Structures are given as C-alpha cells and as structure tokens.
Amino acid sequence: MIAGSTDAPVAAEVRSRVLAALDTVRDPELDEPITSLGFVASCAVSASGQARVRLRLPTYFCAPNFAFLMVADAYDAVSAVDGVRGTEVILDDHFASDAINGGVAARAGFARSFDGEAVGELHDLRTDFLRKAVMAGTDLVCRPLLAAGVEPAALVGSTLGEVPPSPELDRLRQRRVELGLPAGDDAPLLIEPVTGAPVRPDAVPLHLRRARTTRVGLDANAGICRGMLRQRYATTGEGEESL
Amino acid sequence: MYEKDGEKYFVVDGHMHYWNAAPDNWVEGAEQYAKGWIECFYGYHGLGPEDTRWPMDKYQKYSEETLMSDVFEDGHVDVAIFQPTYLKEWYREGFNTTERNAILAEKYPGKFVLNTRWDPRDGDEGLTTLADNVARWGCKGVKLYTAEWRQGSRGWKLTDPEAYRYLEKCQELGIRNVHIHKGPTIWPLDKDAFDVADVDHAATDFPALNFIVEHVGLPRIEDFCFMATQEPNVYAGLSVAIGGLMHARPKFFAKVMGELLFWVGEDKMTFGSDYAIWEPKWQVEGFVAWDYPSDEFSDYPRVTTATKKKILGLNAAKLYDIEVPAECRLDTGEGTPAAPDDAQLVTST
Chain A
1 MIAGSTDAPV AAEVRSRVLA ALDTVRDPEL DEPITSLGFV ASCAVSASGQ ARVRLRLPTY
61 FCAPNFAFLM VADAYDAVSA VDGVRGTEVI LDDHFASDAI NGGVAARAGF ARSFDGEAVG
121 ELHDLRTDFL RKAVMAGTDL VCRPLLAAGV EPAALVGSTL GEVPPSPELD RLRQRRVELG
181 LPAGDDAPLL IEPVTGAPVR PDAVPLHLRR ARTTRVGLDA NAGICRGMLR QRYATTGEGE
241 ESL
Chain B
1 MYEKDGEKYF VVDGHMHYWN AAPDNWVEGA EQYAKGWIEC FYGYHGLGPE DTRWPMDKYQ
61 KYSEETLMSD VFEDGHVDVA IFQPTYLKEW YREGFNTTER NAILAEKYPG KFVLNTRWDP
121 RDGDEGLTTL ADNVARWGCK GVKLYTAEWR QGSRGWKLTD PEAYRYLEKC QELGIRNVHI
181 HKGPTIWPLD KDAFDVADVD HAATDFPALN FIVEHVGLPR IEDFCFMATQ EPNVYAGLSV
241 AIGGLMHARP KFFAKVMGEL LFWVGEDKMT FGSDYAIWEP KWQVEGFVAW DYPSDEFSDY
301 PRVTTATKKK ILGLNAAKLY DIEVPAECRL DTGEGTPAAP DDAQLVTST
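These protein sequence lines are chains A and B, in that order.
The UniProt record's numbering applies: residue 1 is where the first sequence begins, and numbers increase by one.
The UniProt record's numbering applies: residue 1 is where the second sequence begins, and numbers increase by one.
Incorrect hints may appear among the rest.
Chain B side only, calculated, beta carbon under 10 Å to chain A, not exhaustive [unchecked claim]:
| no. | residue |
| --- | --- |
| 1 | Gly43 |
| 2 | Tyr44 |
| 3 | Leu47 |
| 4 | Asp192 |
| 5 | Leu218 |
| 6 | Asp223 |
| 7 | Ala241 |
| 8 | Gly244 |
Hints listed in this document are in silico derivations from the structure and should not be mistaken for laboratory results.
All figures in this text were calculated on a predicted structure; none of them were measured in a lab.
Glycine residues also receive a C-beta, built at the ideal position from the N, C-alpha and C atoms.
When you get a sec, could you build the whole thing from the sequences and use the hints?
The structure is reproduced here in structure tokens:
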C-alpha cells in the first residue's frame with residue numbers, strides 16, 4: 001500500500017484503537033493496565049496498518065514469566081484491532097528480551113520459548129494472581145462499606161447487587177468472571193476465591209484481613225515498580241498515569 | 001547507637017554488603033548480566049532521598065573508608081551483619097563474598113557479624129567449604145540466594161533434598177540463623193518465582209533454626225505474612241521495606257509496617273539498611289521519627305519507642321548473642337506482640 005495523505009488520519013484512528021486495546025492488557029502481578037503503569041514505551045501504526053509497539057519494564061531482571069504474559073497479551077490485543085494488518089511487539093532492555101520477543105512473534109508459547117527452563121504454560125500462574133486480584137478487589141469494595149458503619153457480619157448475607165455501583169465493583173465482577181466465579185447481582189459479595197463458596201460467618205473477620213493484606217501487598221509492589229521505572233526511563237509511557 | 005529525645009537505640013544493621021560490581025570484576029561473556037544486576041540495584045538506590053544518592057562509578061565499587069564512615073560514623077550502626085551474595089557466573093571474584101567481607105570483619109573486631117552462604121548445587125564440596133568457613137570465622141548465620149544462576153540452572157528451593165542436607169549441616173555446625181532472599185529468576189520459570197512455601201516447610205522441619213526472610217517476601221508480602229504468622233521461627237527482614245518505601249512511598253510504607261506488625265509482630269522484625277543500596281543514616285533517623293501518618297491506620301498495632309528499639313537492634317542482637325549496653329536494653333514486657341488471637345485463626349492458606 002502506498003502511504004498517501006488520505007491515509008494519515010486512518011492510521012491515527014487505528015493507533016488510538018491500538019492504544020485502547022493496550023489499555024486492556026494488564027500486568028498480571030500488579031493487576032493494572034500496562035499503559036497506566038508506563039510500560040508502553042511507544043506505539044506506532046504505519047499507513048499500511050503495521051502496528052509496532054515497544055514495551056519496557058522497571059528492571060532488567062523483572063520476572064520473565066510475567067513479562068512473557070504481557071508481551072503475548074499485548075500481541076493478541078493489538079492483532080485483534082480493526083485496521084491492523086501486521087503486529088510487532090518488542091520488549092526492550094530485559095535479560096530475556098530475545099527469548100520473549102522471538103517466542104511471542106513465533107506464537108511458540110512460553111515453554112517452547114524457554115526450552116528447558118519451564119515445563120508448562122502460565123495458566124496456573126495467571127489464575128493464582130487473578131485470585132489475589134479478587135481478594136484485593138474485595139477489600140476495595142468492602143472498606144468503604146465498613147467505613148460507613150456496616151458491620152462485618154452484615155456483609156455475609158450481602159449480594160453484589162446490593163452494593164452501590166462503583167468502578168471498583170465493576171472490576172471485582174470482571175475478575176470473578178475471568179475466574180469463572182459467580183459475579184451476577186444475586187452472587188454473594190464474600191466468596192472464597194479458589195472454590196467460589198460463600199465465606200462462612202465466623203471466617204469473615206479473617207477473610208477481610210487477608211483481603212486487606214493482599215491489597216497492601218499489590219499496592220506496595222506497584223509503588224516500587226512505578227518508582228523503579230521512573231529511575232530507569234526519563235520519558236512518560238503511552239497512556240501512563242502521572243505519579 | 002542513636003540517641004533521640006533522651007532514648008538510646010542500639011542499632012544492628014541486619015543486612016548489608018561490601019560489593020565490587022565494577023567492570024574489572026565482570027565475567028567475560030556475561031557482562032550484560034553483571035551490568036544489568038548493578039543497574040537494577042541502582043534503580044532501588046534512586047528510591048532513597050535525593051541528597052543520599054551516589055554516582056554510578058562510586059556505586060559499583062566503594063572503598064573501605066566509605067563503608068566504615070557511612071555505616072558506623074554517620075549511620076549510627078553499632079554492629080553490622082555482612083550478608084554475602086556470590087553471583088560468580090557474572091562477577092569474577094564474586095559480587096560480595098565471605099572472603100571479601102572477612103577483610104573488614106577481621107580488621108575491625110566487634111564491628112561486624114560475618115555470615116557465610118551455601119548453595120546445595122555445590123554438593124559435598126560445598127559442605128566442606130561451609131564447615132571450613134564456620135571453623136575459620138565462627139559464622140552463626142548464612143545468607144541463601146535461591147535465584148542464583150549456576151551452570152544453566154536458574155535457582156533452587158529450600159525444600160530440595162540437597163538443601164535439607166545443608167540445613168542439617170547448619171544445625172550440626174552451630175549455625176542458627178538462615179537469611180533467605182526470594183529472587184526473581186528461580187527455576188522453573190513457569191512457576192511463581194517468589195513463592196515462600198519452601199520456607200514454610202523448612203521452618204517446620206528445622207525448628208531449631210531461625211529463618212529470616214529478607215525483603216519481607218516483597219513482592220508477595222501477603223503470602224509471607226500468612227506463612228510467618230504460623231511459624232514461630234520465621235522473621236521479617238526489613239531490608240528494602242524501609243529503604244525502598246519509607247521515603248519514596250510513605251503511605252504504602254505505613255500500610256506494610258501495619259500489616260507486618262499485625263501478622264508477624266515487633267519481636268520478629270529486624271532492620272537492615274541493605275547498604276550500599278542505601279545508607280543507614282537516613283533510614284535509622286527516619287524510622288525513629290516515624291509514625292502512622294493519619295487516623296486511616298488506627299486499626300493497625302501501635303508503634304512505640306520499644307517497638308523501634310526492638311526492630312532497629314534488640315531483636316537481631318538476640319538472634320546473634322550480641323551484647324547490648326544496659327542503657328539500651330528494655331525492661332521485660334515492654335512493647336506490643338502481634339495479635340495472637342487473629343493469628344491463630346490462620347490454619348489454612
């Protein structure tokens with residue numbers, strides 16, 4: 001395709017759709033979009049519909065399994081965008097950049113990309129961290145209720161439909177859907193993230209404690225990652241939230 | 001010793017280093033890893049206050065004089081515990097070995113506790129080296145780095161049968177304290193690299209050893225907390241927690257401290273500056289002056305002067321039989337233990 005003046009607005013539109021697609025890709029460990037974390041170093045779409053995305057991470061030694069998931073998820077999300085005819089996602093400045101970039105481009109899966117160093121794919125890992133996201137999300141939804149005077153015991157009989165709408169509630173529902181856990185209006189607010197069973201009344205205080213600790217862990221981790229990224233790169237990422 | 005408002009704090013820096021990460025020490029063919037490693041450390045360094053930051057060349061290799069004045073003269077530290085990190089795949093003489101640390105430990109008696117290390121992949125030879133190190137230097141502690149690369153292997157677990165042989169040997173040799181670092185590249189890569197389940201098992205099977213989880217299991221503080229609350233011999237090493245969060249993310253620091261005080265308790269938390277990632281001065285002074293920033297934290301355990309004295313030095317002094325001057329000791333019963341009732345509720349994870 002010959003890039004003409006009429007193609008530039010089209011490419012710009014496709015680019016904004018690509019950025020929106022990248023907003024749906026999360027760091028599975030931090031449960032936040034790679035865009036707002038500042039991990040998208042650049043994003044370009046050519047007149048012929050070739051999308052080129054460069055990703056970056058807070059350190060050279062960030063966990064390769066999570067890095068692989070982000071690159072692979074970004075590749076899938078960008079490839080599915082209307083108007084994209086070719087996709088390249090490159091992770092920069094990482095000790096496993098070559099294995100990850102090559103593996104994702106070849107659609108090889110994680111185990112083949114890290115031959116000999118991994119025996120399985122990353123579904124279990126992703127599931128573990130989605131469960132953490134559900135616990136942290138439970139804290140985000142319940143804390144305002146408790147602050148408003150709701151007794152912990154009263155949360156046992158509550159359903160998701162009875163909780164006032166909020167972005168945090170939407171997010172909690174979405175994570176529960178991803179895990180195949182009940183997420184409808186009549187689903188209990190408090191459930192065990194592994195089994196989906198309602199939390200027993202006597203287990204509520206501990207459940208809420210654990211939810212809070214999980215959220216604190218996620219927040220602290222994300223805080224350190226943001227700080228490290230800032231030390232490593234002077235530029236703002238595409239769609240990055242300011243500190 | 002640090003004195004503030006009439007209170008005297010005996011300071012044990014439970015986790016510090018004397019490293020050489022300069023290009024003269026990089027292994028040929030592995031330069032990118034040696035460089036990547038110290039740059040990664042330098043990223044953490046940037047989370048400290050701006051006026052405490054070093055230029056990269058100083059950070060790669062600092063002198064004995066620099067260390068002695070940063071830690072003991074300016075940094076208020078009474079006794080510092082050397083925790084070695086070998087990384088010989090990347091650094092020719094090692095990053096920070098027992099031998100290198102011993103140069104200073106032998107030159108300045110009473111200032112340092114010299115810990116050594118082992119790696120279960122060293123087999124019988126490693127057991128002999130461990131015994132030799134203990135005989136030569138009287139080591140009472142080891143630092144374990146499960147993520148260390150070695151001949152194609154990217155790490156190991158504390159529950160490996162070979163590791164159990166070493167833990168048995170530790171008990172036999174009189175080593176009491178096992179500091180364990182959870183690193184990012186543990187094999188196999190398809191599992192969670194920071195899983196603390198192996199510490200849980202080892203702590204149960206070796207009740208006579210203390211397991212100090214350095215960096216409090218970051219970035220899996222919750223897993224660490226739920227595990228540590230069930231194991232009487234598991235401690236929280238605060239290296240990185242104070243240095244990486246107290247200045248850069250004060251609100252998160254307050255929450256992390258609150259969680260640790262709740263689940264682990266002030267009797268099982270130890271300060272470590274992680275020098276030369278950060279200097280101890282601002283960490284000690286900042287921690288003594290620290291309290292929760294607002295009422296939002298009112299349901300976390302309170303932080304008292306006794307809490308700070310224990311964390312900054314008294315707990316580690318107990319672990320290593322370090323004599324504490326009478327003026328810095330606490331009366332029996334001072335301080336607040338972790339919430340035992342709630343902790344006992346944790347029976348499954």
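Verification of the hints:
1. The interface hint given for glycine 43(B) is met, as the beta carbon of that residue sits about 4 Å from the closest beta carbon of chain A, less than 10 Å.
2. Against a cut-off of 10 Å between C-beta atoms, the interface hint on tyrosine 44(B) holds, since the closest Cβ of chain A lies about 7 Å away.
3. A least Cβ separation of about 5 Å between leucine 47(B) and chain A falls short of the 10 Å threshold, and the interface hint therefore holds.
4. Using the Cβ-Cβ criterion of 10 Å, the hint placing aspartate 192(B) at the interface with chain A is satisfied: the shortest such distance is roughly 6 Å.
5. The interface hint given for leucine 218(B) is met, as the beta carbon of that residue sits about 7 Å from the closest beta carbon of chain A, less than 10 Å.
6. With a cut of 10 Å, the hint placing aspartate 223(B) at the interface with chain A holds, because the nearest CB-to-CB distance is about 8 Å.
7. Given hint, alanine 241(B) at the interface with chain A, holds; its Cβ is 8 Å from that chain's nearest Cβ, closer than 10 Å.
8. Given the 10 Å rule on beta carbons, the hint for glycine 244(B) holds: about 6 Å separates it from the nearest Cβ of chain A.
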